[in-house]
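**Q** Protein sequence lines correspond, in order, to chains A and Z. Once you know that position 105 of the first sequence is 105 in my numbering, the rest is easy, because the numbers rise by one and skip nothing. Once you know that position 320 of the second sequence is 320 in my numbering, the rest is easy, because the numbers rise by one and skip nothing.
The hints are simulated quantities; they were obtained by calculation from the structure and are not laboratory data. No experiment lies behind these values; they were computed from the predicted model shown. Yeah, the Cβ is synthetic: ideal placement off N, Cα and C, and Gly gets one too. Just to be clear, a hint being listed does not mean it is correct.
To be clear about the criterion: a stretch of chain A counts as covered by chain Z if any three or more of its residues have a C-beta under 8 Å from a C-beta of chain Z, and this derived list gives those stretches [what the hints assert, rightly or not]: (1) 128-141; (2) 212-224; (3) 254-267; (4) 296-306; (5) 329-337; (6) 360-368.
Number of protein chains: 2
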Amino acid sequence: MTGKTCESVPTATPRFSQRRWFAADQAISFLMRQAVENRNVISLAAGLVDQETLPVDATRAAFERLFADPERARAALQYGTTAGAERLRVQVAQHLARLEGCSVAELHIDPDQILLTTGSQQTLALIADLLLDPGDICLVAAPTYFVFLGTLSGVGARAVPVPADEDGMRVDALEEELARLERAGELARVKLIYVVSYYENPTGVSLAAERRGELVDIARRWSKENRIFILEDTAYRELRYDGPDLPSVWRCDGSQETVILTHTFSKSFSPGLRVGFTVVPRELVRPLCDLKGNEDFGSANLNQHLLATILEEGLHEPHVQKLRRSYRLKRDAMLAAAEKHFGSLQEVSWYRPHGGLYVWMSLPPEIDTGFDGPLFQRATEEGVMYVPGELCFPAGDCEPERNHLRLSFGVQSVEGIAVGMARLARAVQAVLAR
Amino acid sequence: MTGKTCESVPTATPRFSQRRWFAADQAISFLMRQAVENRNVISLAAGLVDQETLPVDATRAAFERLFADPERARAALQYGTTAGAERLRVQVAQHLARLEGCSVAELHIDPDQILLTTGSQQTLALIADLLLDPGDICLVAAPTYFVFLGTLSGVGARAVPVPADEDGMRVDALEEELARLERAGELARVKLIYVVSYYENPTGVSLAAERRGELVDIARRWSKENRIFILEDTAYRELRYDGPDLPSVWRCDGSQETVILTHTFSKSFSPGLRVGFTVVPRELVRPLCDLKGNEDFGSANLNQHLLATILEEGLHEPHVQKLRRSYRLKRDAMLAAAEKHFGSLQEVSWYRPHGGLYVWMSLPPEIDTGFDGPLFQRATEEGVMYVPGELCFPAGDCEPERNHLRLSFGVQSVEGIAVGMARLARAVQAVLAR
């Protein structure tokens with residue numbers, strides 16, 4: 001050991017920033033520990049993508065192609081820019097145009113409006129950072145993506161719930177909530193509406209076509225004291241198995257002043273690449289780059305070049321098609337198992353998702369599905385794990401609903417899903433029988 | 001265009017968070033624009049690594065090795081964890097032990113204390129976020145790494161300068177500054193001391209051996225009101241060309257309560273992989289993971305697996321040796337050119353760095369090297385660019401020194417350095433002659 005230090009002097013305890021205390025433990029950590037400690041358990045909780053379908057061959061092909069040109073390889077191994085590699089931003093614009101069913105020109109965006117991030121989570125965190133001071137308000141569907149609830153808490157913001165149904169966030173209820181907030185003198189605190197517009201995590205529902213334009217209208221009309229932005233999270237968009245192919249909420253925002261679109265290649269290709277992108281109103285480009293510059297001055301450049309090559313070489317779309325076939329079978333397996341085991345149970349219901357990775361199941365109101373409730377314990381004994389629905393409701397004035405489960409069909413095989421659902425049914429029946 | 005929205009309704013202007021206003025434009029953006037707009041200019045400004053030495057072959061070899069095993073490839077393409085891939089953390093511990101000249105056991109760390117980040121910049125930003133509320137104080141050498149000054153501003157913290165000499169931050173001056181802050185009733189605001197301990201950006205100086213233990217002692221002794229941490233940035237550590245091979249400040253902290261070590265593979269291998277790591281006191285593991293969980297819930301997993309393979313296969317060390325040879329020649333070329341063109345000039349001096357990528361040059365006090373001063377303009381006309389030294393001094397009570405230049409020998413060839421330095425000399429002589 002080098003250097004002698006005065007270790008006899010006691011050192012004071014650390015004093016953390018306010019931010020540290022905002023950043024509560026994400027419930028996901030508990031679930032991950034549970035999964036590690038109970039390896040024989042079938043997890044219908046994990047939101048990972050299917051390990052077996054990860055694109056080993058496509059990634060290898062793209063890597064070989066990229067590294068066949070030493071100049072291009074070196075460019076990928078060098079620092080990139082804060083906003084991200086130009087090559088990929090060009091591809092992203094084309095990709096987005098394909099998804100929207102229009103030409104790149106019809107998107108009416110500058111390449112500068114596209115920012116590349118470390119997954120779409122970084123966009124969610126940057127937007128929260130950019131717009132929300134402690135006490136500010138983001139309106140969310142109830143239930144919604146629970147990781148984003150943690151992100152909102154992490155900047156000290158308030159998530160205010162808006163009731164949702166099988167067509168997504170209820171726009172009439174959104175308007176009522178805005179009116180209530182205005183009466184309470186809090187409209188100036190409302191900065192953001194968060195919406196997972198395709199196959200929402202956790203419910204699997206999509207925002208209905210007619211609600212999309214209305215949502216933009218409402219945000220504009222209620223931007224009385226300051227701009228209310230919509231953060232549209234389209235993470236699951238490409239995992240569509242049936243049902244309508246909807247344009248985004250962003251596409252309904254003709255003036256491009258209101259909607260921030262975020263998307264990721266984590267679900268449609270590989271989460272290990274950790275590449276997401278966002279398309280933002282022009283006024284947000286510079287502020288977001290300033291924030292991201294401080295955070296990391298650019299996400300991994302190699303991954304951006306790799307993904308640019310994947311898109312250029314047409315390696316992405318065939319993979320998505322393969323994923324759709326594979327996940328569709330799994331979704332059908334889960335729905336069939338739900339019908340088989342729960343179809344005859346009173347007061348048990350679930351949505352039939354057209355895409356995504358989740359089935360949202362509701363039990364009789366008296367059944368508490370939480371970590372400390374009887375069902376989670378019993379399910380663990382039976383060897384199956386799920387995400388308690390209460391995590392997906394914002395903490396706050398109203399009590400979260402405690403009788404739901406988020407079931408994922410992403411990770412398990414068709415057989416695993418069948419076994420897991422049977423185990424879950426035994427646990428539910430045991431608890432119902434008490 | 002789908003959806004009709006009420007675009008006739010005017011929308012209010014955005015109201016950003018306090019954070020947005022803290023995040024000022026980084027000066028680096030201006031430099032990058034200048035570089036793009038003046039492509040015939042020889043940049044002695046850019047802090048990039050040498051494009052020609054980027055490890056194309058080593059990266060390809062590691063990729064092929066990793067992807068030869070489909071299980072491992074799939075693991076790399078899946079989500080990772082917030083703290084980072086276990087495989088790489090094991091390798092990082094061994095790498096750190098090699099750098100410190102001891103065994104892994106002698107490091108006395110748990111693998112949990114190692115966190116993998118998106119470059120070391122993410123660590124700098126996370127630590128600022130974790131410890132510093134608006135108005136809190138971080139002590140820094142003057143001059144210091146200018147990007148970190150932006151990061152401190154980004155959380156509303158104050159950077160308080162401590163004079164430095166050719167042995168790095170002056171520990172006597174540090175102690176005086178702490179005493180002054182205590183008298184001013186501000187000791188409780190001091191949370192952090194930032195030190196670039198090897199070949200500091202911008203000066204190229206290293207913290208002298210005897211100052212390393214003293215620095216830890218001072219931080220402990222002045223941790224009266226709350227813990228004062230040391231953030232030790234070792235980004236350039238492996239780029240050593242001659243001079244002593246010093247243990248880290250972290251290694252002088254026997255109780256591991258004070259020093260946060262950060263390192264990156266950006267300088268020693270490839271910035272495009274964007275993999276950095278930090279070793280933190282045990283009490284900081286959980287708070288940092290909570291913050292990072294909100295920010296991105298993990299940096300790119302593929303890159304971590306790739307780098308783990310690079311280290312396992314012994315591909316890293318030969319590359320570093322090659323870099324050392326290459327950069328040493330460039331440093332010598334820059335120092336020779338400095339001697340040739342500036343040796344006879346009164347009041348022009350520079351440090352002779354033992355490593356890193358920079359030479360710090362001081363001109364007569366009356367010469368303003370800033371973007372708006374006469375030299376920068378004249379240098380641009382001559383076709384050479386540098387980083388004005390004033391950027392590396394914290395804004396605050398005292399005036400920054402305006403007569404220094406940061407010159408980088410990283411990007412240019414030996415020939416480019418010679419030409420660039422000759423151009424710079426013409427610009428300096430022209431301004432001196434006025």
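**Q** State for each hint whether it applies.
**A** Consistency of the hints with the structure:
1. 128-141: holds (count 6)
2. 212-224: holds (count 8)
3. 254-267: holds (count 5)
4. 296-306: holds (count 9)
5. 329-337: As far as the stretch 329-337 of chain A goes, the hint is violated, because 0 residues have Cβ atoms under 8 Å from chain Z.
6. 360-368: Result for this restraint: violated, n = 0.
Hints 5, 6, counting from the list given before, are not met by this structure.
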